[in-house]
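Chain A is fixed; fit chain B onto it per the hints.
Letter by letter, the chains look like this.
2 protein chains.
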Amino acid sequence: MGTAKPFLRSPCAIANSLDIVGDKWSLLVVRDLLHGKRTYGELAKSPERIPTNILAERLKRLAAAGIIASTPYQEHPLRHQYTLTRKGAELGSVLLAFVRWGKDHIPGTVALSQSPATSRIPPKKNRSRARRAE
Amino acid sequence: MGTAKPFLRSPCAIANSLDIVGDKWSLLVVRDLLHGKRTYGELAKSPERIPTNILAERLKRLAAAGIIASTPYQEHPLRHQYTLTRKGAELGSVLLAFVRWGKDHIPGTVALSQSPATSRIPPKKNRSRARRAE
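As they're listed, the protein sequences go chains A and B. Under our numbering, the residues of the first sequence are numbered 2 to 135, in order. Under our numbering, the residues of the second sequence are numbered 2 to 135, in order.
Hint data in this document are derived by calculation from the structure and do not stem from the laboratory. Just so it is clear, the structure is predicted and the values come from calculations on it, not from any experiment. Each hint should be verified, as a subset may be incorrect.
Since the list gives no way to pick out one identical chain from another, each pair is judged satisfied if it fits inside one copy or across any two copies.
Restricting the straight-line Cα-Cα distance to at most 20 Å, the calculated cross-link-like pairs of lysine to aspartate or glutamate (EDC-like) are [unchecked claim]:
id: 1; residue 1: Lys104; residue 2: Glu76
id: 2; residue 1: Lys61; residue 2: Glu43
id: 3; residue 1: Lys104; residue 2: Asp20
id: 4; residue 1: Lys61; residue 2: Asp20
id: 5; residue 1: Lys46; residue 2: Glu58
id: 6; residue 1: Lys38; residue 2: Glu91
id: 7; residue 1: Lys88; residue 2: Asp105
id: 8; residue 1: Lys38; residue 2: Glu58
id: 9; residue 1: Lys38; residue 2: Glu49
If we strip away everything but chain A, and leave its shape as in the complex, we get:
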């Protein structure tokens, strides 16, 4: 293609994924967004109590990597809400693999939500219909 991307460490798909989300917090933010959290305040209140400076930095990094999108929902003071892009939502399969591995091998751990894929809260008016369709 003539536009070879200079990889940070190697062209390995795993290594490059880890360059984006290979830390203790990024995938927890993705988990929370998959679970329907939207605001900085909601994300900061997760049980792991992510330090707010780390949360702010991770949100910037995840947005720069195209994993989340932020849109203003309030102007004075300015507040954003965060949603996963398709790229970000598809990290759900990585999270699911971690949930299974953790539950199998780390005694006492649980899936905070039984199924990230089905835990999105649909808009209220569709909720009963969505349930009926299942």
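What follows is chain B alone, placed relative to chain A:
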């Protein structure tokens, strides 16, 4: 069970998995062991060129977490070979999810081995036979 384990951050299976392998290097060591690498020297030669101090520290941490086992294969000087435990080998599903996500969303990335499960390098004397069999 009466022996509740105090979790570092929360009982979330994802958070606790990330407390063990949530960094840029640990899963690359697991990848390499799945691919048949066994010695410190082989692991150090991976394309990402893990710094040797980090490799030594990660091997200790992964052994302490029950993900790898080390056995001496030479006495003077003492050298160890490393293998994945069942707990470690089952991180293969996490790696596979990362490979798929990376290939789908990070242009130009590849699976370093098409199939971790079949990529173990056979002993030299069998290598040509193994190639012919493919």
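So which of the earlier hints does this model not fit? Those not satisfied come down to hint 1.
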